[in-house]
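Visitor: Given next are the chains, with one letter for each unit.
Number of protein chains: 2
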Amino acid sequence: MSDMSHPKLLGRSRRGAGAPAAIVRAKPLHESAAERLSDMIVEGRLRVGERLHEANLAAVLEVSRTPIREAIKLLATEGLVDLLPGRGARVSGFSVEQVRELFEAIAGVERNASELAAERITEREFEKLQRMHERMARHHAAGERQAYFRLNQEIHLAIVAAAKNTTLQAIHASLISRARRARYEALASEARWIEAMEEHERLMAALADRNGQLAGAIMQKHDLGTAAAMVAALETGSSSASAR
Amino acid sequence: MSDMSHPKLLGRSRRGAGAPAAIVRAKPLHESAAERLSDMIVEGRLRVGERLHEANLAAVLEVSRTPIREAIKLLATEGLVDLLPGRGARVSGFSVEQVRELFEAIAGVERNASELAAERITEREFEKLQRMHERMARHHAAGERQAYFRLNQEIHLAIVAAAKNTTLQAIHASLISRARRARYEALASEARWIEAMEEHERLMAALADRNGQLAGAIMQKHDLGTAAAMVAALETGSSSASAR
DNA sequence: GTCAAGCATCGTGCATACAAAATGCAAAAT
DNA sequence: ATTTTGCATTTTGTATGCACGATGCTTGAC
Numbered sequence: 621m622s623d624m625s626h627p628k629l630l631g632r633s634r635r636g637a638g639a640p641a642a643i644v645r646a647k648p649l650h651e652s653a654a655e656r657l658s659d660m661i662v663e664g665r666l667r668v669g670e671r672l673h674e675a676n677l678a679a680v681l682e683v684s685r686t687p688i689r690e691a692i693k694l695l696a697t698e699g700l701v702d703l704l705p706g707r708g709a710r711v712s713g714f715s716v717e718q719v720r721e722l723f724e725a726i727a728g729v730e731r732n733a734s735e736l737a738a739e740r741i742t743e744r745e746f747e748k749l750q751r752m753h754e755r756m757a758r759h760h761a762a763g764e765r766q767a768y769f770r771l772n773q774e775i776h777l778a779i780v781a782a783a784k785n786t787t788l789q790a791i792h793a794s795l796i797s798r799a800r801r802a803r804y805e806a807l808a809s810e811a812r813w814i815e816a817m818e819e820h821e822r823l824m825a826a827l828a829d830r831n832g833q834l835a836g837a838i839m840q841k842h843d844l845g846t847a848a849a850m851v852a853a854l855e856t857g858s859s860s861a862s863a864r
Numbered sequence: 621m622s623d624m625s626h627p628k629l630l631g632r633s634r635r636g637a638g639a640p641a642a643i644v645r646a647k648p649l650h651e652s653a654a655e656r657l658s659d660m661i662v663e664g665r666l667r668v669g670e671r672l673h674e675a676n677l678a679a680v681l682e683v684s685r686t687p688i689r690e691a692i693k694l695l696a697t698e699g700l701v702d703l704l705p706g707r708g709a710r711v712s713g714f715s716v717e718q719v720r721e722l723f724e725a726i727a728g729v730e731r732n733a734s735e736l737a738a739e740r741i742t743e744r745e746f747e748k749l750q751r752m753h754e755r756m757a758r759h760h761a762a763g764e765r766q767a768y769f770r771l772n773q774e775i776h777l778a779i780v781a782a783a784k785n786t787t788l789q790a791i792h793a794s795l796i797s798r799a800r801r802a803r804y805e806a807l808a809s810e811a812r813w814i815e816a817m818e819e820h821e822r823l824m825a826a827l828a829d830r831n832g833q834l835a836g837a838i839m840q841k842h843d844l845g846t847a848a849a850m851v852a853a854l855e856t857g858s859s860s861a862s863a864r
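Those protein sequences? They're chains F and S, same order as listed.
The numbering of the first sequence is our numbering, which starts it at 621 and goes up by one.
The numbering of the second sequence is our numbering, which starts it at 621 and goes up by one.
Among the hints, erroneous ones may be present.
One copy or two, either will do: identical chains are not told apart, so a pair holds if it fits within one copy or between any two.
What the hints assert, rightly or not - Only pairs whose alpha carbons sit at most 20 Å apart, straight line, appear in this in silico SDA-like list of lysine to any residue:
no.	residue 1	residue 2
1	Lys784	Gln773
2	Lys693	Gln766
3	Lys693	Ser797
4	Lys693	Gly708
5	Lys784	Ser715
6	Lys841	Thr787
7	Lys693	Leu649
8	Lys841	Ser715
9	Lys647	Arg710
It should be emphasised that the hints constitute simulated quantities derived from the structure, not laboratory data.
Please read these numbers as outputs of a predicted model, since none were measured by experiment.
Based on the provided sequences and hints, a complete structural model is requested.
Guide: Right, dumping it as structure tokens:
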């Protein structure tokens, strides 16, 4: 690497020249850098155990080392990279055991959220959820996996949002972003295609009854099932490194 | 401010001269800076809503702005400060509502942890827990609040550790560190002195029986009780700002 | 007298410079 | 041949410089 494209004196020289009234909001560089790095890791362009060389990344992303360092620190708090003291950062490996832990935690959080959601969901929110659920069911019936999975994710997020607890929501978002990687590697979990749909049906029924305990229990079981499928896929595929 | 104590060429010059085999590990500046800032916020030396002026803090902590900036970013992920885009950081306010959310989340996590702990705790761990519990009971009986609360915290941590899920443990640690501030402001919660002890007794019994569901339920109720006491204390004291 | 525009000042965000630690390699000693 | 020690190089950690945006004050117009 180490090309000669020096960021030099450019950087953020121009702005506002393009769209006039567009509130671009000018996302700080360290933020977009973090997003791009996160994608690079999730998509496997940076492989497990690989070092995050600050100067290289700075050159690739065309910023200086400062925002790169800040971005790496952020990724570290998200668990995407391990920070070695004085020896830089590496893409963190995830063992099957760690994935199991992660999904166990997600299951717990989503159970709590489901219980609270059953108590606090508004009629309006519930109707919206119901519509999403129906759309998902149609995609399921049609065998449209991509759309099905996307809606599935959205529904989980909506339920957590309905719990009306931003702290819980933040924890959930963080865990889900970590799970992205595992999902990406094990693009399987599609074996659960059918049971998962049935569980969602029952979950919706429990929410309709505003039965928190039942909704929580179903959600937890649902998540643990997803986790098991994921772990199984990772264990057979087993191209992923463990590290640590 | 802006004193003339330039860090200049000193910094991390000497090492290893003192203790020979001591693995000092040389904590990076941004890390110790984060800890010191965190303490300053928790202890109220930096008040809610107050701006974190990078140059000032750099002078006070006798480092340059760079590690200060990195530390502030870390505090932001921990929720101790709010990051205004382009306008620096402020000590985040916590409304009573936010405290309620926080403790609701803690209650959920500790319930999950208790359930898992009941399944996974080793005999050895349980015995240690039992001894801690007994010591706590003695402090309780003797009216030694400080020691009582310290052991109380340790027991909660030990139970989470016994759940054998590092992800859950990390979430818990993060939430607890946020709760520190609320606890500091409302140094009350001491009204719960008695019920809390009874709940701990029942919790230990449930763990002894390896009854996860019961242990989880007790723990959650226990935490929600603590939360209610805390919120009540904050509402009467009500010197804390809300911000947002 | 109030409000707005312009200007001075301050502060953050990013870039870059520099020093110390870590790493790798080679040469020498065993 | 293997290991160790010293040196060169790479890379991180910290400091500082610089530019643009934000903030606040002054001055002028209505």
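Visitor: Check the structure against each numbered hint from earlier and tell me which ones fail, lowest number first.
Guide: Hints 2 and 8 not satisfied by this model.
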